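2 protein chains.
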Amino acid sequence: MPKLFIPGPIDVSKETFAAMSQPMIGHRGSEFERLYASTQPGLQELGGTTRPFFLSTSSAWGVMEASLRNLCVKKVLTLCCGAFSDKWFDVAKSMGLSAEKIQVEWGDAIAPATVRAKLEEGGFDLVTLIHNETSTGVMNDLVGLAKVVKSFPGVLFVVDAVSSFSAVPIEMDALGIDVLLAGVQKALALPPGLTVFACSEAAIERAKGQANRGYYFDFLEFAKNAEKHNTPSTPAISLIFGLQHILGVIAAEGALNRYARHAANNALIHAWGARHGFKNFAPAGNQSVTLTCFHTPAGFDQGSFIKTLKAKHRFVINGGYGKIKGLTFRISNMGNETAATLNELITAMDDVLE
Amino acid sequence: MPKLFIPGPIDVSKETFAAMSQPMIGHRGSEFERLYASTQPGLQELGGTTRPFFLSTSSAWGVMEASLRNLCVKKVLTLCCGAFSDKWFDVAKSMGLSAEKIQVEWGDAIAPATVRAKLEEGGFDLVTLIHNETSTGVMNDLVGLAKVVKSFPGVLFVVDAVSSFSAVPIEMDALGIDVLLAGVQKALALPPGLTVFACSEAAIERAKGQANRGYYFDFLEFAKNAEKHNTPSTPAISLIFGLQHILGVIAAEGALNRYARHAANNALIHAWGARHGFKNFAPAGNQSVTLTCFHTPAGFDQGSFIKTLKAKHRFVINGGYGKIKGLTFRISNMGNETAATLNELITAMDDVLE
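So the protein sequences, as listed, match chains A and B. All the letters of the first sequence, read from the start, carry residue numbers 31 to 384 under our numbering. All the letters of the second sequence, read from the start, carry residue numbers 31 to 384 under our numbering.
Because the hints were derived from the structure by calculation, they are not lab data. Computed from a predicted model, the values in this text were never measured in an experiment. Keep in mind that a hint or two might mislead.
Remember, identical chains collapse to one label, so a pair may be satisfied in a single copy or spanning two.
For lysine-lysine, the following DSSO-like pairs were computed, each having C-alpha atoms within a straight-line distance of at most 27 Å [what the hints assert, rightly or not]: (1) LYS355 - LYS254; (2) LYS105 - LYS123; (3) LYS309 - LYS355; (4) LYS123 - LYS238; (5) LYS342 - LYS104; (6) LYS353 - LYS254; (7) LYS44 - LYS33; (8) LYS33 - LYS258; (9) LYS258 - LYS148; (10) LYS258 - LYS355; (11) LYS44 - LYS340; (12) LYS104 - LYS337; (13) LYS105 - LYS238; (14) LYS258 - LYS123; (15) LYS238 - LYS131; (16) LYS104 - LYS123; (17) LYS117 - LYS258; (18) LYS148 - LYS337; (19) LYS258 - LYS337; (20) LYS258 - LYS353; (21) LYS355 - LYS180; (22) LYS254 - LYS117; (23) LYS123 - LYS254; (24) LYS340 - LYS258.
If we strip away everything but chain A, and leave its shape as in the complex, we get (with noise of 0.2 Å):
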């Protein structure tokens, strides 16, 4: 099989997959309890938080409509700039709450002062944030939006963390995130099919004067459960197996040292794409650290140079999303890539360019 440099899933660890490939455990029973504690540590690491993190058997969706069910009692305000933040709307008005946005072009990021000027309307107890918008590249300002947020009494903080977590430092605590969740298939290299998510104290209190909140999806559910280091139903055991393997990778790197490969390798991508005049879709400033989007230049034949890398050298990148496919191209640099599998990439693409 080709190996992936699309904004995920990305390529797995032999490593990881043996990890996967333990024997089962039965998931009500002391085995599962320690596996689920081991995790805590390093995702708390990553995630700048002391709160526990949730293990939910799903792709991010389900926590992003979570947290709607569970938090938003008032209106939500989903800060749309791309395919994936945009749909966040759609789902919030699908489940029938009260919901607004705002909207920049896709390519831009969302500015503090806009998310201050609405908010200062009123009636809203919840924003909704991708830090990293996937189809676009754009890395909003997550420091600075968090600043705005918290500056508004009641209003609670959703951040999809999906494609930054264990890229670049997210400090949970300290920007008063409330809730932060991530996918274990970017950055963190494993298979999809699990989230991992923190909520604050606030999240918590205001889910227990929520009605309707169901079972599959309780914050209050997980959190009891998490007190005994488990799940409300049945755990995606393999890939906790793998998330624990991976968080062992990452400790031993250093969470520091692991941004700044990040860094690095993405600053290779972005070499690559200025040697041969392909600019940066995202503003600078605003720009990716896991996966860079380009424009696509006039004249340039987009779907046979990612045709022709995937079929003479097996790297498969990724041909724009949503309404910008075609018009953007995108190449991962996510998990555990380094300078040297970086450059077979860039030597196999200069090679299809030639």
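Following the hints, complete the assembly by docking chain B onto the known chain A.
Showing chain B alone in chain A's frame:
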């Protein structure tokens, strides 16, 4: 690690883990669509349906809750005969739905006549059943119950076949089942984290008129994506590779042979119990063929038996669930077990008993 003979998760074969360790593929491309499509004939044969099977990245409770959210407009009748079927009533209440239940003693099966009498009271549009109640070892009379439910026009029938699917024949279309769902960590012998389910046309039609379905478990999103052999949200790719593998194993064995093997293996455990005077918790005629639930006889130190079996022979069986914990113990014969492997377990249990 000890080998599991608990009612899920169970032993996963090396070959399944190898299949799950295939390199990642993008989930929005033709490779994934082929993978998805490849699972359909096998699932449809096992479920006795021509309807598409949806692949939900969740454990079964996600789809059990989703069935209520998508399909209950008026009032749901939950058929309760054990820990899991009882809980379905609580979940309905947690969603703010109008719900009533038929509650029988744990260890008893649901009588079709009782269901008929209740439905004749009117006002219901949905019935939920757990075919094989994993907490008590009771297998309900699916054919008889389906016949009753289908005699009430406008009442849809949701069947959880979590621990019976692929172990006994299930004829979704012939019985008029509206939602058939199964976890993969039971008789399919995969790690947990994926639920397969199919919906009748009537179920899809009902969902269309249902407001506030949300997104993650929206049956219409599943149906729309299934048309192009895909899923609404990022799928658990490794588990689907595993599913593809095990469906190949089942096709090679033959579904009928697989059913016969489960029945024969189950009979070995029943015979072992009879030899030692252990009485079945489930009544004759309603005993599961995938697991056996025995009464704990007076004076029998169940905890010590289970503990020694694990420590000395590396086999794990299970000591009751919920309010009958300690009062019963359970032995699974699901999945890839043979007479030879069951006899290894039996020899070990005999050794501990001596």
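Which of the numbered hints above does this structure break?
As far as the earlier hints go, 5, 9, 12, 18, 21 are violated by this structure, in ascending order.
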